[in-house]
Each structure stands twice: as structure tokens, then as C-alpha cells.
Amino acid sequence: MYNRTPIKNHIQEIQLINQRCIAVLLVMIILVLFLILRLGYLQLSKHLLYNTLSQQNSLDLIPIEPTRGLIYDRNGVLLAENIPVFSLDIIPYKVENLPTALAEIGKIIPLNDTDIVQLQKQLKQHRRFDEIPLKLKLSEEEVAKFAENLYRFPGFVIKARLIRHYPFDASLSHVLGYVGRINIDELDDIDTTNYSATNYIGKLGIEKYYEDDLHGKVGYEQVENDASGEPVRVLNQIAPQGGKNLYLTLDSKLQFAAEKALEGMRGAVVAIQPKTGEVLALVSQPSYDPNAFVSGISTQNFQTLQDSPDRPLYNRALRGLYPLASTIKPFIALEGLNSGITNPSFTLFDPGWYQLKNSEHLFHDWRHHGHGNVNLNRAITCSCDTYFYDLASKLGIQRIDNVLTEFGFGELSGIDLDEELPGIIASPVWKKKEKHLPWYPGDTVLSGIGQGYMQATPLQLAVGIATLANRGQHFIPHLILKQQQQNKTYLQQQATLNNSIELTDKNYWNVIITAMQNVITSSEGTGYHHFGHTLYTVAAKTGTAQVYTKKRNEADEDINDQFKLPEKLRDHSLFIAFAPVEDPKIAIAVVVENSKLASGVARKIMDYYLLQELKVVPAQMIPGSPLKKMLEPIKNSVDASVRKSNTGKPYAPG
Amino acid sequence: MLLVNNIKYRFKKRDMGTQYRTFWQCIHIDGLLLFGILLLMGLGLFILYSASNQDIQVVEHQIMHTCLALVVMFIFAQIPPTTYQRWAPWLYIAGMALLIGVLIMGHIGKGAQRWLNLGAFRLQPSEIMKLAIPMVLAWHFHKIHLPLRNKTILFSGILILVPVILTAKQPDLGTAILLVVAGCSTLFLAGLSWWFIFSLATVSALAAPLLWYVMHDYQRQRVLTFLNPERDPLGSGYHIIQSKIAIGSGGLFGKGWLHGTQSHLHFLPEHSTDFIFAACGEEFGFVGSLILIFLFMFIVIRGLVITMNAQDTFTRLLAGSLTLTFFVSFFVNMGMVTGILPVVGIPLPLISYGGSSMVTLMASFGILMSIQTHRKLLTT
Chain A
1 MYNRTPIKNH
11 IQEIQLINQR
21 CIAVLLVMII
31 LVLFLILRLG
41 YLQLSKHLLY
51 NTLSQQNSLD
61 LIPIEPTRGL
71 IYDRNGVLLA
81 ENIPVFSLDI
91 IPYKVENLPT
101 ALAEIGKIIP
111 LNDTDIVQLQ
121 KQLKQHRRFD
131 EIPLKLKLSE
141 EEVAKFAENL
151 YRFPGFVIKA
161 RLIRHYPFDA
171 SLSHVLGYVG
181 RINIDELDDI
191 DTTNYSATNY
201 IGKLGIEKYY
211 EDDLHGKVGY
221 EQVENDASGE
231 PVRVLNQIAP
241 QGGKNLYLTL
251 DSKLQFAAEK
261 ALEGMRGAVV
271 AIQPKTGEVL
281 ALVSQPSYDP
291 NAFVSGISTQ
301 NFQTLQDSPD
311 RPLYNRALRG
321 LYPLASTIKP
331 FIALEGLNSG
341 ITNPSFTLFD
351 PGWYQLKNSE
361 HLFHDWRHHG
371 HGNVNLNRAI
381 TCSCDTYFYD
391 LASKLGIQRI
401 DNVLTEFGFG
411 ELSGIDLDEE
421 LPGIIASPVW
431 KKKEKHLPWY
441 PGDTVLSGIG
451 QGYMQATPLQ
461 LAVGIATLAN
471 RGQHFIPHLI
481 LKQQQQNKTY
491 LQQQATLNNS
501 IELTDKNYWN
511 VIITAMQNVI
521 TSSEGTGYHH
531 FGHTLYTVAA
541 KTGTAQVYTK
551 KRNEADEDIN
561 DQFKLPEKLR
571 DHSLFIAFAP
581 VEDPKIAIAV
591 VVENSKLASG
601 VARKIMDYYL
611 LQELKVVPAQ
621 MIPGSPLKKM
631 LEPIKNSVDA
641 SVRKSNTGKP
651 YAPG
Chain B
1 MLLVNNIKYR
11 FKKRDMGTQY
21 RTFWQCIHID
31 GLLLFGILLL
41 MGLGLFILYS
51 ASNQDIQVVE
61 HQIMHTCLAL
71 VVMFIFAQIP
81 PTTYQRWAPW
91 LYIAGMALLI
101 GVLIMGHIGK
111 GAQRWLNLGA
121 FRLQPSEIMK
131 LAIPMVLAWH
141 FHKIHLPLRN
151 KTILFSGILI
161 LVPVILTAKQ
171 PDLGTAILLV
181 VAGCSTLFLA
191 GLSWWFIFSL
201 ATVSALAAPL
211 LWYVMHDYQR
221 QRVLTFLNPE
231 RDPLGSGYHI
241 IQSKIAIGSG
251 GLFGKGWLHG
261 TQSHLHFLPE
271 HSTDFIFAAC
281 GEEFGFVGSL
291 ILIFLFMFIV
301 IRGLVITMNA
311 QDTFTRLLAG
321 SLTLTFFVSF
331 FVNMGMVTGI
341 LPVVGIPLPL
351 ISYGGSSMVT
361 LMASFGILMS
371 IQTHRKLLTT
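For the record, the sequence lines run as chains A and B. The opening residue of the first sequence carries number 1 in the numbering used here; numbering runs sequentially from there. The opening residue of the second sequence carries number 1 in the numbering used here; numbering runs sequentially from there.
Treat the hints as calculated values from the structure; they're not laboratory data. Honestly, I wouldn't trust all of these hints.
Stated by the list, open to error - Quick partial rundown of chain A residues pointing at chain B, CB under 7 Å, derived from the structure:
1) 16
2) 42
3) 568
Said to hold, decoys possible - Covered stretches of chain A, going by a simulated chain B footprint (3 or more residues, C-beta under 8 Å):
4) 20-30
5) 289-297
Owing to the predicted nature of the structure, the values given are computational and were not obtained by experimental measurement. C-beta atoms are modelled at their ideal positions from N, C-alpha and C, and glycine is treated no differently.
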């Protein structure tokens, strides 16, 4: 057949193929037009959508942590700082087998159980590609060792970061508190956007109360990520705004002096500047090292602190509830005068006991055979119980409660700390509600010497005595002196007047204050022996709070009886004072648990403040002998503490 | 030496004025085709430089591939079409033998094997078949008279299907498809009746579910993904979604050379090989993509002109088939990158990084040039 029509075939074939070529060309053009339409759809009409998608793909905002504000005392001594440390961080998604990797790395950098537990917690709260600190404060040796083995541990990195450090360790922990890792409960309360780069939050004390000011505002870095989510370059940056620096009203030297004076005891000291309500010192002993909490305290160490019989975690200054005991007397005496129930010349015979009408019960005076004839001045000076049994009974519980409330007892003082407790002012209503018992006349009698249900914190005692020193001007106590704003200017904290106590006769203040001076100066004053003679004028009141109530058949007590009791059952001693009387610079409340030493502690603190710091008395007038000797050790230790802070002792890891 | 003598001989001929021939005709190169090819290759190197994250080594390799491919093209252009005609069946048989050889080696070596190691370079028999199939069909159709008879169609079908199945078994779906295209385009140009085409289309549409059972798992995934890429946005749908994002975010003028984020930050997979067109669309936008398409179409149209100028059935069918295969390979690649066709492993000719497919392609351009420049100028 090939041979039959060779010529005709050839032309026909050419035509056929050419036709097919044209057909192919047409189809191609249609297909290409379709392709162009598709490109137009993607690149022109859907461009915005895909452009957004492409940016979402690659752009990411990485938050930058703001630097936490520093905390200074009133003289500019740094109390809380941020120090750079090396930490071992982990990027979870890069680690193939976490348990093995941790075991391996544990051979180079020792990890304890707490680190692992913390990590497990953090793993749940973070995204796979977030860096999570595994161990803080690596020593230089550990850093070097890790650097050598870096290649063996993909997903582990050494990071330099700032962590909170308290240079005075345990000294200020009950005021400053500490920061710690943010936990799940706190996450609910904070602005998570602002905290997106922050690992730490104030847990207690000033750090917690001023968290918002100290924290600052988060910054951002706009970065371009590659497909594995790793940042490739930074496109844009919004710098974070560091937190505000806080200046506290605390005088750190006074704080250390108070701590020194309280050394080895359980107790609290609160010192207030009466004219402003500025808290000069706030000490609760024993204390604990807040730095341990920053890096995450081990369960074992925490348990030790928790179980210690001395309860170092317990903030006695703010939360310790003590009976007011005899320190209540000046306040009741003032109300007695003001309401006209008593007057300075009224004299009562004290046989050593007091008895209510229609009752056989005897209310004993602390002095077995009584004080004889007692007027108001003497009642305060020698802390005569019988006089105040009688006065309280005459006043009635309502008037007692009113005056205590005016001096700030029974309610939160309003200090800028969250931990405070309000204490108790007992009243018939309160007793009904809390104890389900009626109010007996005897309850009122006992309230007169502060031994009933009344309870107050050392802070409230300090506020009470400061108000007394101020002759009724009741300022809200505060710890913040000023805040350093972003623009470097200072925002001063103004003194806030809570209320002003008006008396029918202003002279009543003098009556009470004179009596309180006699507590120290009169030979029968309760502070005469333990506080002693001073170069400045002091108004004070002692108090002894019973921990263990003696049974009736034990009533024939003598002064040494206390030492026969187990230490924990011995009485607490209380002491409130202000000085100088003419122009009060300091009002102080001291509580020492199971010990009689409160007045001695107060003396050391006030001597230090008034003689060493304020120098209210010319130096040459301070006699060389016993007083100077007593001041020396305090001065030395305080100077040592301050030197330590000023030299900016570098943090020694490990 | 032979080559140089040949050129000298041609020049001498021109000097003698016996036959008018240009310089390009003397060296058997088609200027227009070469212009289009070089332009595309040049652009391709720029795109590749950016798409490979400015990896100069990749570009250097590609330049080496390009040079090798240009040499191959030049050599293939020197060989006269009659030689191809004579060698066509032998080439086909040799290709088949190698394909089977690879298959057996693959069985021994376990897993996919596509090439034979020939010491210096690796030979992919399926690439040889890209040339051998249209050649053997054109050779066959040249001998018989057209239009085709059923017996011939059946015979050609077997010639096409056997190597296609062997290639698909490797598995290399992309090349297998191109082999089908090469064979079928020859058949079509040779005058396969429209009736036959339509009935075949209907039958294959009905047989599609059957094909489902024959396919490899990864091939099924590709089909499913093509039908709905969002089905598995991070798995098999990831490629096509990221590719569309890359192209779409390019807009009218693109993000600019070296500024494509999708490819540079590795969101776009295979950005220097199969998906290079997406990288191009991202950086050069709609305008850039259009220019690229027009350049491709320029080469295709030149190929068709060569086809229509060719002087006998063998050369016409061969030229037409090679041109059509080139069209299909770039169209399918662009189609899959833009999401209108399923993802099959077909690189963008002349642009994508890779050696063997470029060498084959340039060989086919060499054949086209040979067909164009070895014409006997009968009509003067």
C-alpha cells in the first residue's frame, strides 16, 4: 500500500500535519490564557489576602521584658537591684529526648529536683519555641564546661539575663518581699500582654504592692521568622519602658540598728515619723533570705523555713496579733479625761485588787499588795491595773472601743503593703458574732488593762503612739517616699491625714504625755529600770501580754515565776514610746515574744536614731562610759551593712 | 575536526555562490530559537540565585549544567535528520533495554531507582525515552501512509505504553506523563481521528477510579491534595498552599529580586526546583510571570514554525512532538504551582535547578535546529 499512492500521500500528509499544528496552537493559546487568568486571580484580585498570609507566615512580634524598677531607701541606699546572671535555657522543640538530655546535662551542670519540677511547670505554660530558664545563676565554671559540650545538647543555650537581687539578704525581706516566677493563679489577674516577656512578679511586700509601678511596659521586636519559626532578622523595635524606681521611707541604717537590737529574739519593731506617717523601720525577726525565692527555693529548704519553731516566714510586724496589755492605758486614760469620767486629781485607793458591784470575783493588780493611793499620773507611771479596772468599768466598752478606733486599732492601718491584719477591737456585737457569748461587765474591766479580747499588730501600736505623739493627728503610715518617673522627675508621696482627734481640753494631751515621761524618769516607773536615763526626753508605756493565764492557786507569784515556765509560755513584752517629747521625731512600737526585753530593745534603737543619726544632743554631751559603749557595736554593724551596700558587692554565684 | 571541516565546506559553498546560506545555517543553529533559550536560561539563573537563597554554588552548578546542555544542543544540531531517522528504532530499543536494566537494578537495590551509574555521570533511561518515543513513532509513521489505521494506532500504543509503565514503576510520575505526552502528541499530529480521541477521553474518564487502585500512596495523596489543599494544610497540602501564598503575595510587580519572603524563609518547599515559578511570581509579580510565559510561548511558536517548515513527515512529526512536549512540561509545571493542576514532579524547563532534564531538553532543541537548518532549499 505504501507503493500505491506515494505522491498524493505526501501532500495530504503535509496538510494533515499543518492542520493539526494549527489546532495544537489554538489549544495552547487557550490553555495559556487560562493560566494567565489564574495568575491574575492570584496576584491581582487576591493579592491582599495572600500578602497578609505571607506576612503572617513570616512576621512575628517578640516581646521584650522591661527592666524592673529599683528600690532604694530614703537616703538612696539600694535595697533591690537587678543583677546579670548566666542561666541555662531550654528551647523545648529542639530537644529530641528531654529526659535523656536532662540526665546528660545533669552530669555537667548539677540539677536538683526543684529545677526539674519548675521546668515541668514552665513547659505547660510556654510555647514549644519559647526559651525557658532551666537553671539560674550558673557559675563561670559551669558556663565554661557547658560551652565545651554545647554541640552535644541541641536546644540548650546559655543566656545572660537580669534577675532580682536583694543585697541585704534577710534584712528587709519582711518589707520588700520578693519576686518569683509567675504562677497560673497570677496569670488570671495580670495583663498577659504586658507580661508576655516577663517571668517574674512581685509575690509579697513592696514588690507585690507596687508591682504595677515596678514592672514597666513591655517592648516589642518585630522579627522575620523562617519556616521553622526561628527569627532571621529584626525589622523593627519598640523599646520596653523600664519600671519606676521606688524610694522608700525606710532608713536602712535604722532598720539595721533595729535588727541588731532584736538579734536572737522573736519580735517586731515598727518605727514611724509621727509628723508624716513615714515608716522609718519595719522589722520582724527572725527573717529569711528572699534571694532564695527568686531563683526558686527547693521544697526542702522551704519546708525547713516553714517548720522552724521561730517561724521566720511570719511577718510579726504586720500580722502578729498581740494583746495590747498595758500599752492600752494611755489611750483609755485620755478617753477618761476627755469624757470627764476622771480628772488628773481623782485619787483611788488600790488594795491590790478590784471588785465589781454584785460580784465576788477579784480582779488582781499585777502588784500583789497594790499601789496605795493612785491618781491618773501615777496610774500610768506604775501601770496600776486597779485604777484602770475602775476607769474602764466607769467608761463602758463603747467609749473604749471608740477611742481605740480613733487611734487606728481594729482596722487596717492603710500601709502600702498587702499582708497587714486588722487586729480586733472587742465589743458586745463582736463577741456575740465570734464567740456566741454575751458580753459580761468583767470583759469591760479586763479591756481596761488590754488583756481581754483586744488584739493589735506592732504596726497598729506604732500608729497609735505616733498619733499620741502628734496630739491627735493620725497619719496613715506609708513606706513609699517618692517614685522616679520615666522623665527622671520624682513623684513625692504626700502625708495623708486619716483623722484628727479633738479633745475638749488640749491640756489632756500634756497630762498623758507627762505621765508617760514619768514611766521612764520616775523611780517607780515601769520603764525606769529597763529603759533607763536618757539624754533626750521620752514618753513611753510598757506592756506585758500574758501568754499563759495562771491558775488561781498559783496566784502567789513572784517575779522569777516566769522563768519556771517553758519559754514559749512566757509573757510577751511590749513597749511604745516617742521622742523627743518637745518635737517628736520617732514613734516606736516594740514587741518581743516570750521575753521582757522590749524596753531595752527600744532604748538601743532610739539611742541610735536620736544620738547617732539625728544628733539631737551634742556629741560631747554623750558621756564616755556605759552609753557610748552600748552604742559602739550597733554603730559598727550598721556601718558595715551600709558599706556592704555602697561598695556594691558583686553577686558571687553558687 | 570533522565538524570544522564541515563548516569550512559550507562556507566555501557560500563563497562559490552555488547556494545561499547564512552563518547560522552553516553552524546549524536556529538564531531565534537560541535567542529565546538563552534569554530564558539567563533569567532562570537570576531567579535561581534568589530562590536558592543566594547560594552561589547552586548557581555555579546550574551554569555548568547549562554549558553542558548547550554543547549537547550544538552537537545534536549538527546531526542531520536523516541520521536520526536511521537511528530511531535502535535508540528506542537501547532505551528500552536500559529502562529494564534500571528496573532490575532497582529491585536489587531496593526502592526507587531512576538512573544508571556510568562512572562520570548518571544516565536516566527515561530521559532517553523522551526523545526515542517521538522519534520511533515519527520513523514508523513516515514509512506508512497517513492517516493512521487502527492497527497502527494499537502498535504505537504499545510502543508508548511499555516505556511509560516502566517509568511510572520507578516511580517517576512526572517523566511518565511527559512520555505519554511525547507519544500522544506524535499520534495526534499524525492525524489520530477526532472520534478516536474523544472515545479515548471518555474511556479514560471512566477508567479513572480504576487508576486509583494502581496508584502509589503518595500519588493518591497528591490527587486528594490537589482536589482540596486545605484538607491537610501542614501535611501534603502545605506545598500548594505556600505556593499560592508566594504567588499571590507577589502582586502586580512582585516583592523585588532577593526580597521574596516565602522562598527565602523556606516557607515555600522545593523553591529552587519544582516550585521555582512560585519564587519567581513572588519576586517579580504578575508582570514578571507574564514575561516568562511569553518567552516560553515564543519558543513554542518558533518550534511550531520549524515544524511547519519541515520537509518530510518524519521531521514534521518529530519537531511537532518535541515542541508540544516542551509546552506541556512548562504548562503543567506552572499549572501545578498555581494550583490548577495536581502536583506532579515536573520541573520548569530551562529554569528549575537540575541537570538531566535540561540536557534532554536541549538535545531536543538541537534536533529542532537540525531539522530547521538541514532543509534542502528546493524552492528558490
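Results for each hint:
Hint on residue 16 of chain A holds. Least Cβ distance to chain B is approximately 5 Å, under the 7 Å limit. With a least beta-carbon distance of about 4 Å to chain B, the hint placing residue 42 of chain A at the interface is held under the 7 Å criterion. Hint status for residue 568 of chain A: violated, given a least beta-carbon distance of 66 Å to chain B, over 7 Å. Under the rule that three or more residues need a Cβ within less than 8 Å of chain B, the assignment of the segment 20-30 of chain A holds, with 5 such residues.
Counting residues of the segment 289-297 of chain A whose C-beta sits closer than 8 Å to any C-beta of chain B gives 0, which falls short of three, so the coverage hint is violated.
Violated hints for the displayed structure, listed by number in ascending order: 3, 5.
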